[in-house]
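Each chain, written out:
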Amino acid sequence: MLAYIIRRFLLLIVVLFGVSVLLFGILMTFSPERRAATYVTSPQQAKDIPKIIRQFGLDDPFYAQYFRWIKEVAKGNMGWSLVSARPVSEAFWTYLPVTIEMNLFAAPIVIFFGIWLGTLAGINRDTWIDHSTRIMAIVGWSLPTFLFALVMLMVFYGYFNLFSPGILSDQLAMFIYDNPDRFHRYTKLYTVDGILNGRLDVTLDAMAHLVLPVMTYIIVVVALNMRVMRSGMIEELSKDYVITALAKGADKRTIHIKHARRNALLPVITVAGQMVAYSMEGSVAVEVVFNRQGIGWWLAESAIQLDMPVLMCICLFMGVVFVVTNLTLDILYAYIDPRIRLT
Amino acid sequence: MGQHPRLRELKFTLHRIFRNPAAIIGFTLLFFFTAVAIFAPQIAPPKYAHNPYIMPHKGYSPTPKPPSKASIFGTTSGQYDIFYGAVWGTRTAFKIGLFVVGIATIVGIALGAISGYYGGIIDEILMRITDIIWAIPTVVLAMAIVVAFGRGLDKIMIALALIEWRWYVRVLRSEILTLRDQDFVHAARLMGVSDLKIILRHILPNAIYPVLILASMDMGSMVIIAAFMSFVGLGAPPGYADWGQMVALARNYIVGPPDYPFKFWYTIVVPGGCIVLFVLAWNLIGDALRDAFDPRLRRR
Numbered sequence: 001m002l003a004y005i006i007r008r009f010l011l012l013i014v015v016l017f018g019v020s021v022l023l024f025g026i027l028m029t030f031s032p033e034r035r036a037a038t039y040v041t042s043p044q045q046a047k048d049i050p051k052i053i054r055q056f057g058l059d060d061p062f063y064a065q066y067f068r069w070i071k072e073v074a075k076g077n078m079g080w081s082l083v084s085a086r087p088v089s090e091a092f093w094t095y096l097p098v099t100i101e102m103n104l105f106a107a108p109i110v111i112f113f114g115i116w117l118g119t120l121a122g123i124n125r126d127t128w129i130d131h132s133t134r135i136m137a138i139v140g141w142s143l144p145t146f147l148f149a150l151v152m153l154m155v156f157y158g159y160f161n162l163f164s165p166g167i168l169s170d171q172l173a174m175f176i177y178d179n180p181d182r183f184h185r186y187t188k189l190y191t192v193d194g195i196l197n198g199r200l201d202v203t204l205d206a207m208a209h210l211v212l213p214v215m216t217y218i219i220v221v222v223a224l225n226m227r228v229m230r231s232g233m234i235e236e237l238s239k240d241y242v243i244t245a246l247a248k249g250a251d252k253r254t255i256h257i258k259h260a261r262r263n264a265l266l267p268v269i270t271v272a273g274q275m276v277a278y279s280m281e282g283s284v285a286v287e288v289v290f291n292r293q294g295i296g297w298w299l300a301e302s303a304i305q306l307d308m309p310v311l312m313c314i315c316l317f318m319g320v321v322f323v324v325t326n327l328t329l330d331i332l333y334a335y336i337d338p339r340i341r342l343t
Numbered sequence: 001m002g003q004h005p006r007l008r009e010l011k012f013t014l015h016r017i018f019r020n021p022a023a024i025i026g027f028t029l030l031f032f033f034t035a036v037a038i039f040a041p042q043i044a045p046p047k048y049a050h051n052p053y054i055m056p057h058k059g060y061s062p063t064p065k066p067p068s069k070a071s072i073f074g075t076t077s078g079q080y081d082i083f084y085g086a087v088w089g090t091r092t093a094f095k096i097g098l099f100v101v102g103i104a105t106i107v108g109i110a111l112g113a114i115s116g117y118y119g120g121i122i123d124e125i126l127m128r129i130t131d132i133i134w135a136i137p138t139v140v141l142a143m144a145i146v147v148a149f150g151r152g153l154d155k156i157m158i159a160l161a162l163i164e165w166r167w168y169v170r171v172l173r174s175e176i177l178t179l180r181d182q183d184f185v186h187a188a189r190l191m192g193v194s195d196l197k198i199i200l201r202h203i204l205p206n207a208i209y210p211v212l213i214l215a216s217m218d219m220g221s222m223v224i225i226a227a228f229m230s231f232v233g234l235g236a237p238p239g240y241a242d243w244g245q246m247v248a249l250a251r252n253y254i255v256g257p258p259d260y261p262f263k264f265w266y267t268i269v270v271p272g273g274c275i276v277l278f279v280l281a282w283n284l285i286g287d288a289l290r291d292a293f294d295p296r297l298r299r300r
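Residue numbers (our numbering), protein chains in the order written: chain A, 1 to 343; chain B, 1 to 300.
Only chain A is shown next, with the shape it has when bound in the complex:
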């Protein structure tokens, strides 16, 4: 087990190194002149470009520039963001809580509904319950997140005039901005900070703004979870121990919930890593449409304005999150299921 963990950990470092080289490689497809042009703000400075290239060593060989870059990254210096007019690493921490907040609300609901509906479909295989969850899953897969988000806005905001886009209504946002001493940003999550500051109106308002994004997100992401749970359930129910339990006269509910579902949960853990990737992708579309200034929104905005340092920072961040989650899940998986012997 320990040997496995160490091996995986070493591989993790290899993968992260590879990711950083890949990202830097993407950046280096820009010519030195183009990269130097980032420093140029007026046409008069254009003649200085060769000087800038020499000064910053922009035409050095790849490895020299890479090591110069990775040294700065290791120190936490990710460069300057044009979009946010701040250092990337500083801006990152203002956008991250917004994304985390949405995921904190969405993830438990996705997990709960996925497992519940998947179990239901697996138990009632080939009945109308199974067929309708299947149709739901296929339609959910076919709905582009951004389009579904727009339709949600159209119906709930446009027609019913509920749930406006954004993170917080303007009045409250202004209040918090003007009175940093009366509203402390302990966690940077509005819903939690509202409670901590005794301002329930802020919490409720932030939650009202979360309803549509979270709903969009759930309907699009829940399908995968549900289908994996369903096939796991079907597989378990066809096994001998279920038949034995039935023969002994155990009631169906106990068999389904206590025996089969526990085992069927295992494959769900293996796709959890994939779910993390989906949720990161999904948050880009949701944040862009609902105008929530989180990591996904920042990414899209930076892509439009060619803000390469931000793109690299987000790619690197997501790479780290994904690789670390997967390693954790694999270890967890082996821990939960003693049949798996890691080598």
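These aren't lab readings, by the way, just hints derived from the structure by calculation. Quick reminder that beta carbons are idealized off the backbone N, C-alpha and C, glycines included. Hints may contain errors.
Claimed, not checked - To be clear about the criterion: a stretch of chain A counts as covered by chain B if any three or more of its residues have a C-beta under 8 Å from a C-beta of chain B, and this derived list gives those stretches:
| # | region |
| --- | --- |
| 1 | 15-26 |
| 2 | 128-142 |
| 3 | 154-168 |
| 4 | 304-311 |
| 5 | 319-333 |
Following the hints, put chain B in place on chain A, whose structure we already have.
This is chain B only, laid out in the frame that chain A set:
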């Protein structure tokens, strides 16, 4: 009887697929879209013969106009004809899907077969490279590549093709790993059949089904991702017949005036409906293929 077993198997598979109502809906939708794509010049005659993908527009008013005789689905922001865009957008969608999935499948099959069949150090290196690309979500990495290459629909297609093969390598490799040590492969090797022939004639036909299912599902999801990137503003230039771009044009009109909030419904329903139905078609087909090929469900 007396048929080649592979042919018999194929017949059985087709029979299974077309017993499934979902598959029939899927293939009908696909047939419809294919027909629209092929006969686009007849359905919506291009105004600019040299570049039929540019949507014709009368005037520059940003306010959409409702369906009328002149344009049966109305016009979207910038007075682009929605019907024309929907028809030619079908071609764009097929172009995106076929290009990305085609390249990803070829690269994925080649690398997956080599990696799975030979194993050893080649496998290790290829798999680590796959791991590296695997670590970053598709949309995020595609955005970074598109920014580096420059905007445009063709750049989006290249970026997605550069990323998407990672799925095919993994799927095919794991299939081949289970086949590699089976008796019929050993027998073929003992008989002196060359590696290339073993892979092409004996292993790939048995390992290809999961790849086909994946490819079918991917046709849809690649169109979704490309549409999203167009929607964000990284795709085709304004006026290009592309569904994602048309949704982007509709974005400011999803909420109409207070007395009639759904006033501009046609600007989003038409291109959005096209995307959903196109993707749905491929997903239904992929789902039906999965059922038809699943050995656990097959002979029951």
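Are three or more residues of the region 15-26 of chain A within 8 Å, CB to CB, of chain B? As far as the region 15-26 of chain A goes, the hint holds, because 7 residues have Cβ atoms under 8 Å from chain B.
Okay, the region 128-142 of chain A and chain B, do three or more residues pass the C-beta test at under 8 Å? holds (count 5)
Verdict on chain B covering the region 154-168 of chain A, where coverage means 3 or more residues with a C-beta closer than 8 Å: holds (count 4)
Chain B covers the region 319-333 of chain A, three or more CB atoms within 8 Å, holds or violated: holds (count 3)
At least three residues with a C-beta closer than 8 Å to a C-beta of chain B: is that true for the region 304-311 of chain A? Since three or more residues must qualify, the claim that chain B covers the region 304-311 of chain A holds, with 4 doing so at under 8 Å.
The structure agrees with every numbered hint stated previously.
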